[in-house]
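When you get a sec, could you build the whole thing from the sequences and use the hints?
Number of protein chains: 2
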Amino acid sequence: MNDAPRPGRADAGRTGAGEAGPTFAPLYRQIRELLVRGLQSGEWKPGEAIPSEVELAARYRVSQGTVRKAIDELAAANLVVRRQGRGTFVASHREVRTQFRFLRLRPDDTAADVADAAQPGVASESGQGMVMTSRVLECRRLRAPSEVARALALRSGEAVVLIRRILEADGRPTVLDEIWLPGSRFRGLSAERVDAWHGPLYALFETEFGTRMIRAAERLKAIAADRARARTLQVAEGSPLLLVERVSRTYADQPVELRRGYCVTDRHHYYNELS
Amino acid sequence: MNDAPRPGRADAGRTGAGEAGPTFAPLYRQIRELLVRGLQSGEWKPGEAIPSEVELAARYRVSQGTVRKAIDELAAANLVVRRQGRGTFVASHREVRTQFRFLRLRPDDTAADVADAAQPGVASESGQGMVMTSRVLECRRLRAPSEVARALALRSGEAVVLIRRILEADGRPTVLDEIWLPGSRFRGLSAERVDAWHGPLYALFETEFGTRMIRAAERLKAIAADRARARTLQVAEGSPLLLVERVSRTYADQPVELRRGYCVTDRHHYYNELS
DNA sequence: TAGTGGTCTAGACCACCGT
DNA sequence: CGGTGGTCTAGACCACTAA
Chain V
0 MNDAPRPGRA
10 DAGRTGAGEA
20 GPTFAPLYRQ
30 IRELLVRGLQ
40 SGEWKPGEAI
50 PSEVELAARY
60 RVSQGTVRKA
70 IDELAAANLV
80 VRRQGRGTFV
90 ASHREVRTQF
100 RFLRLRPDDT
110 AADVADAAQP
120 GVASESGQGM
130 VMTSRVLECR
140 RLRAPSEVAR
150 ALALRSGEAV
160 VLIRRILEAD
170 GRPTVLDEIW
180 LPGSRFRGLS
190 AERVDAWHGP
200 LYALFETEFG
210 TRMIRAAERL
220 KAIAADRARA
230 RTLQVAEGSP
240 LLLVERVSRT
250 YADQPVELRR
260 GYCVTDRHHY
270 YNELS
Chain G
0 MNDAPRPGRA
10 DAGRTGAGEA
20 GPTFAPLYRQ
30 IRELLVRGLQ
40 SGEWKPGEAI
50 PSEVELAARY
60 RVSQGTVRKA
70 IDELAAANLV
80 VRRQGRGTFV
90 ASHREVRTQF
100 RFLRLRPDDT
110 AADVADAAQP
120 GVASESGQGM
130 VMTSRVLECR
140 RLRAPSEVAR
150 ALALRSGEAV
160 VLIRRILEAD
170 GRPTVLDEIW
180 LPGSRFRGLS
190 AERVDAWHGP
200 LYALFETEFG
210 TRMIRAAERL
220 KAIAADRARA
230 RTLQVAEGSP
240 LLLVERVSRT
250 YADQPVELRR
260 GYCVTDRHHY
270 YNELS
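Going down the list, the sequences are from chains V and G. Those letters in the first sequence? Residues 0 to 274, by numbering that gives the first Met the number 0. Those letters in the second sequence? Residues 0 to 274, by numbering that gives the first Met the number 0.
You can't tell identical chains apart in this list, so a pair holds if it fits in one copy or across any two.
Straight-line distance between alpha carbons at most 25 Å, and here's what the computed SDA-like set of lysine to any residue pairs gives:
1) Lys-44 to Gln-253
2) Lys-44 to Val-61
3) Lys-44 to Ala-195
4) Lys-220 to Ala-148
5) Lys-220 to Asp-265
6) Lys-44 to Thr-249
Read the hints as simulated data drawn from the structure, not as lab findings.
Following this line, the structure appears as structure tokens:
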């Protein structure tokens, strides 16, 4: 990162210094991006430890404090998990801590939620009993409809995979998921493969297809169940359903999943915390 | 915070050291709590600057770095806003930056949202045109129903204020809000007062009643419009509505608002980002 | 015991802001 | 210009974990 004893200059050795590009980022942000590149390239895989702070400081010729600040941001973005005395690990959807991060639907009874939620971020972790069983209705490959192509940043007509599945809670159909994935990333994906997998879908994607979902944006609407979906969810036609439309992204903000979840919210609700 | 030259001891001068209480927090966390107390007590009011980092460091006999880390956490929790070269300011619902923080309903057309959202937190700030006009239907005082009392941590039967209002977008009724507030905190609140106020409701609460909403938890459901609400919202009875139930809290996690918003989501959606 | 992340300090310099 | 937050460093010590 720097070559000689540096007199505290904040921008020594900046990438692209002096060029027309965007304003230059501080050192710790450059380090952060280098680390992200390491994660993206698979240099360090989910569940594994990244090098220690001192080692990274030596590698990049930077103080430990600077590396620390870089890692702090990665931890805040849930790309990495710190464990005192052990090291810093690449986040994985296989771990219990993180696997409920993208699952906001909860059973109503949960005494937690609105009631307590004394600790800002911690309350969400208590969501345990959420054992919904998945049943795949179909999994087929087709050409992307234009609106799916747009969401996934594909050319219209490119190959995509469509998974339709039901999530059941206590034997009751609760969520109908329609999941669109880019065909190129998910070659061998099949209904059997999904059904055989025990655990979160994102863990399957991460382990078997090397695609880690990093963040997502959701739009929620209340809609009336059409005939087909009402039937599938075993509710009356016209019943109110919560539609959760999600676009998930991996490193470099590349969209890799479009998901529409149609949720029966008689016994469940979507939980969110604002701050 | 400490008395003499301290040899790097991490827990010198801890509050309650040696007692049975919870495990002791690091220095910067104690400082953070002191600052929160200052905010809570009104020592520094919304919009005002808090003392500079060096001044606080001197006051608490701590290094600037420790104060900095404390303030970092307050900034992360949106209690405070840093402005380089100017100072650190108490967050206020009167400011444009923060006033859309608790408003997740957006018009569908928004080209942003799911489509781009290139920067995690930044995308949300673009929500500008959200100019919905408020019309108060009623504002009355009554005894808290048990379930409202529970949410607001009041004794059942204590005085509460109920505000019912309509939010209109482009002249169309879009949200029906039922807002419950503890009577004790909101003495002079009336329909006229709310109607006369231009700007976010939370800005009114903050400025006129000294109650700042810090964070909130929401539960969302899709429900069918009953006769009364359908009429108010000018939709067909049985139409799907997005019910957003929110409990807002102020300092010390005290609940001070229970709000139920019934949203027509034909032209709008609830937006959320996961990470 | 050795290695890791976590805390705290002290001091330097920078970028930005208002006067 | 002086003051503020922002970056970076170097070094000390702590708490925790695993061997």
